[in-house]
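Colleague: Going down the list, the protein sequences come from chains A and B. Using my numbering, you'd call the opening residue of the first sequence number 1 and step up by one each time. Using my numbering, you'd call the opening residue of the second sequence number 1001 and step up by one each time.
By construction, these hints were calculated from the structure, which means they are not laboratory data. Model, not experiment: these values are computed from the prediction. All residues carry an ideal CB built from backbone N, CA and C; glycine is no exception. Honestly, I wouldn't trust all of these hints.
Claimed, not checked - A short, non-exhaustive set of chain A residues, derived as facing chain B with CB atoms under 7 Å:
hint	residue
1	A5
2	P43
3	E103
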Amino acid sequence: EAGVAQSPRYKIIEKRQSVAFWCNPISGHATLYWYQQILGQGPKLLIQFQNNGVVDDSQLPKDRFSAERLKGVDSTLKIQPAKLEDSAVYLCASSQTRIRAYEQYFGPGTRLTVT
Amino acid sequence: QKEVEQDPGPLSVPEGAIVSLNCTYSNSAFQYFMWYRQYSRKGPELLMYTYSSGNKEDGRFTAQVDKSSKYISLFIRDSQPSDSATYLCAMSARLGAQKLVFGQGTRLTINP
């Protein structure tokens, strides 16, 4: 079984530029999560999708971050414009269902550096 | 006050030692407790999942939950160099309805 795929693995941009991350979850997983992990901290949930609907985006900075999950499979997370404090690893995870949230499978992450 | 507190370490022990990793929390509604292992440059992977109080054992790993003290632990017996990683605790009040809240992680090194 293939794991969660993410691209790119690394990205360096200047502040005020835009950036997009892509995630392909495990086949058949209905629930998809985007996390932000700042160096030395645990992951913080940004947004959670159930199929192609948003379940929780309470911690997503909506003035600059957006995410979508078209057709309930792949997802993209966008930042526009980026700030220095957005430097972090962006993790995508998926689980079979919302109830099985304890069994989330994580991708390798995208390491973003904003200069 | 953070909802979940975890000693960031770093923690360095010799191979074969028993390791104790701990988290405290403030939200008494938390019922589901997880431990994840994260190797450098990788995403977290689930190690143990426990519901409510009590102990759970899986091979060399034992998870303990003490809800009265709002304290959870992960014990690693006969630690191996391959156990060197960052260990994250995570918890939730209602799976599927409320998000996982992660601790900041403890960086562990097992020295051969």
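Colleague: Give me the numbers of the hints this structure contradicts, sorted from smallest to largest.
Modeller: Violated hint: only 1; rest satisfied.
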